Structures are given as C-alpha cells and as structure tokens.
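Undergrad: Listed below, chain by chain, are the residues.
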Amino acid sequence: MKTIAVSATEKSLDSPVDLRFGRAKYFVIVDPETMDWEALDNTPNINAAHGAGIQAARLVAENRVKTVLTGNCGPNAFETLQAAGIQVATNVNSTVRQAIERFKRGEISFAQSSNVKKHWG
Amino acid sequence: MKIVIASGKGGTGKTTLAVNLAAALGNQAQLLDCDVEEPNAHLFLPLVQGQNETITALVPEVDLERCNFCGACGQLCQFSAIVPLEQTVLIFPEMCHSCGGCYLVCEPGALRERSRELGVIDSGLSQEGVYCVYGRLRVGEAMAPPLIREVKARMDHSRTVIIDAPPGTSCPVIAAMKGADYVVLVTEPTPFGFHDLKLAVETVRTMKLPMGVLINRSDIGTAEVKNYCAQEAIPVLLSLPYSRPVAAAYSRGQLLVKAIPGFKEQMLALFEQISGRRQGS
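One line per chain: the protein sequences are D and P, in this order.
Taking my numbering, the leading residue of the first sequence gets 1, the next gets one more, and so forth.
Taking my numbering, the leading residue of the second sequence gets 1, the next gets one more, and so forth.
Quick caveat, the hints were computed from the structure, so don't treat them as lab data.
As the structure is a prediction and not an experimental result, all values here were calculated from the model.
The C-beta atom is built at its ideal place from N, Cα and C for all residues, glycine as well.
Warning: the hint list may mix true and false statements.
Across the chosen pairs, the derived CB separations fall in these ranges [what the hints assert, rightly or not]: (1) N47(D) - G109(P): 17 to 25 Å; (2) T222(P) - K11(D): 49 to 57 Å; (3) E62(D) - E94(P): 33 to 41 Å; (4) K11(D) - G221(P): 38 to 46 Å.
Which chain D residues stay away from chain P? Per the calculated CB distances, all over 10 Å, these [said to hold, decoys possible]: (5) T3; (6) Q55; (7) R58; (8) N76; (9) E79; (10) T80; (11) A84; (12) Q87; (13) R97; (14) F103; (15) K104; (16) K117.
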C-alpha cells in the first residue's frame with residue numbers, strides 16, 4: 001500500500017522534497033515496504049488563488065495515504081489532513097527517498113500544528 | 001451620477017478628495033465609504049444622526065447525521081470552503097463566497113445556512129447635510145467585497161453619489177468601481193504614484209469606465225505622470241500643489257472646503273468638469 005505522500009519538485013524518488021505543501025508540484029506516494037511509487041500531479045493547485053493547501057490535502061486524502069512528509073504546511077491544509085486522519089511531518093528537507101528511509105527508521109517526528117501561517121507559499 | 005474616487009497607490013488623497021467633494025455639494029451628495037478595510041471618511045464627516053447595522057453573510061453548516069458523504073458539495077465549491085472527507089465534512093467559513101450552491105446540490109439536505117458577521121454599516125447625516133454610508137469590515141474578516149456591495153446597496157440614486165474606494169487594483173476596488181459613471185484616479189508625481197497609476201488606468205480601461213486624473217502634490221517628483229496622461233489622452237482634471245496649510249488642516253481632521261479659502265470653489269469646478277465630460281462622452 002502506498003501510504004506515504006511526500007511533496008516533491010520532480011516525479012522521482014530522488015527528487016528534492018518540495019518545501020511547500022499546498023503548492024508542491026507533485027506528491028510522490030510510496031509504499032514503504034516495497035518502495036513502489038507513483039507521482040500525483042498537483043500542478044493545477046500551484047496557481048490557485050486560494051485554497052491550494054486544502055485541495056492538496058484532499059488530493060492526498062483521496063489516495064488514502066496515512067502520512068505526509070513535507071517542508072511547510074499551513075493551518076487550513078493541516079486541519080484538512082488531520083480531519084482525514086493523516087499524520088504530517090514538516091521541516092523535511094532532503095530527497096524523497098531519504099525522507100522515506102528516515103521515516104522507516106522512526107527518525108521523523110510528527111507535527112501537532114501547522115508550522116507556517118496562511119498564504120505562506 | 002456616481003463618481004468613484006480611486007487610486008493605485010494608497011495615501012495619495014482619495015479620502016480627502018471624496019469628503020471635500022461631498023461636503024462642497026452638501027445635501028445634494030451622498031458619500032459611500034467603500035474602503036471598508038480602513039475606513040476614515042468618518043473622521044472628516046462624522047455623523048450627527050444615523051443608524052448602525054450589522055451585516056452578515058450566509059455560510060453552510062453540516063449535519064453529519066444526514067450527510068451521505070457523496071462529495072457533491074466539495075466538487076461544486078470553487079473556493080475550497082467545503083471539503084467532504086470520508087467521515088467528516090470540513091467548512092472554512094472565511095473561504096466561502098456565499099453563492100448558495102452547496103445547499104442546492106446536497107441531496108440528503110445535510111447543509112443548513114448560518115450567518116457570519118462581515119462588519120457594520122453606519123449611515124446617516126453629517127453636520128454639513130451630506131448623506132453618508134460608512135462600511136467597516138469586522139477585524140479578522142478577509143473578504144471585503146460582500147460588505148462593499150452592501151454599502152453600495154444603500155445608494156440613493158436621486159443624489160450625486162461619491163464613492164471612496166480602497167487603494168490598489170484588486171477585488172475590493174473592482175467591487176467599489178462597478179457601475180460607476182466616472183472614475184477619478186488620485187495620484188502623485190512620484191515613481192510609486194506613477195507605477196500604481198498605470199495599473200489603475202489598466203483596471204478602469206478593462207471595466208470600460210470614463211476616467212480623469214487628479215494630481216495631488218503636483219509640484220513634487222517628476223513630470224512622468226503628466227506626460228503619461230497626455231500620451232494616453234487621459235484628462236488631468238485638477239493639479240493641486242503641495243500646501244502646508246492644507247496638510248495642517250487635514251492633520252487636524254478639518255474639511256478643506258471650510259479651512260482653505262477657495263477650496264470649495266475648486267471642488268465645485270471639478271464637479272462641473274466631471275459632469276460636463278460625462279455628458280460629452
């Protein structure tokens with residue numbers, strides 16, 4: 001099961017993590033057991049006037065992930081992810097692959113609240 | 001006639017012009033303060049009698065017992081204000097534009113309307129006999145246009161309506177300008193004033209409204225604004241050089257039509273010019 005979504009600037013496991021959640025280019029969703037992955041296209045959200053974080057949260061929720069690893073996550077996105085039962089780790093600053101490996105080693109701590117204000121990115 | 005006083009740049013003198021033009025016209029005028037995020041016409045034209053109303057907008061509220069999580073509301077909403085998830089429905093009231101669509105597509109009837117405060121409107125008479133409608137957005141409210149439309153809904157079409165618009169060129173400005181007969185763009189001959197004037201001109205042109213420019217503090221800065229207006233065939237209605245007595249009266253909250261000899265005549269001449277241009281166009 002592809003249970004982890006990582007915001008990414010490219011469609012690749014070796015892509016850098018996109019530091020913006022709502023306006024990330026892609027979400028690379030990964031099965032941590034097999035490292036099977038696919039990329040979800042979030043580009044329609046990049047230029048959204050408002051609600052980008054909420055829509056991005058919906059996109060990953062619809063793909064039934066349980067965990068989001070990203071750089072920064074604003075309050076509306078965070079609230080939506082929480083309501084969908086998805087745990088969020090912020091300040092992740094590496095490649096997608098490294099982030100997944102750190103997650104598997106239990107080195108990632110999860111956020112209790114958003115780490116940036118509205119309209120941050 | 002509806003005259004909107006707008007500008008690109010803030011602090012050029014929109015409110016000063018709006019209150020003095022209205023005061024010069026007296027009881028023939030109605031003044032609408034549509035700069036609801038930072039209203040200050042009331043400082044110059046305080047109301048001596050009037051009323052106060054709270055303005056609300058309708059936003060949805062969900063009954064999870066009735067909801068079948070079909071997702072139709074979330075597909076319809078273009079503003080991410082309602083987000084159906086697998087087991088719950090999130091509502092972000094500050095994103096809601098009160099279109100009412102979500103209630104219509106909700107088959108189980110799980111959505112109800114609830115009202116949310118947008119701000120207040122004070123309306124009444126100033127000492128000079130000007131009819132005033134002053135909008136004031138609730139602190140923390142993000143969307144100004146619904147309140148601006150409510151202020152404009154109180155327009156008295158039998159009078160000359162002077163509308164003090166917000167600065168800039170975004171949605172609140174569009175809401176304030178819509179339906180105007182004439183737009184006066186107040187600017188100053190500085191690089192910032194010039195830059196923002198060009199944006200404002202583009203906005204007014206897109207809205208296909210007739211316009212003229214008032215150059216405030218016309219003796220500072222450069223000739224760029226004047227040259228631009230000439231090149232673009234935009235009439236310069238009035239140029240007001242910097243004046244210390246004007247600045248002093250303004251800073252005391254005084255009306256220039258009262259404090260500065262000849263100012264009232266200048267305002268009345270400006271009004272005649274606008275009326276003439278409008279008929280000529």
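Undergrad: What are the numbers of the hints that this structure violates, sorted from low to high?
TA: Violated hints: 1, 3, 4, 6, 7, 8, 9, 10, 11; rest satisfied.
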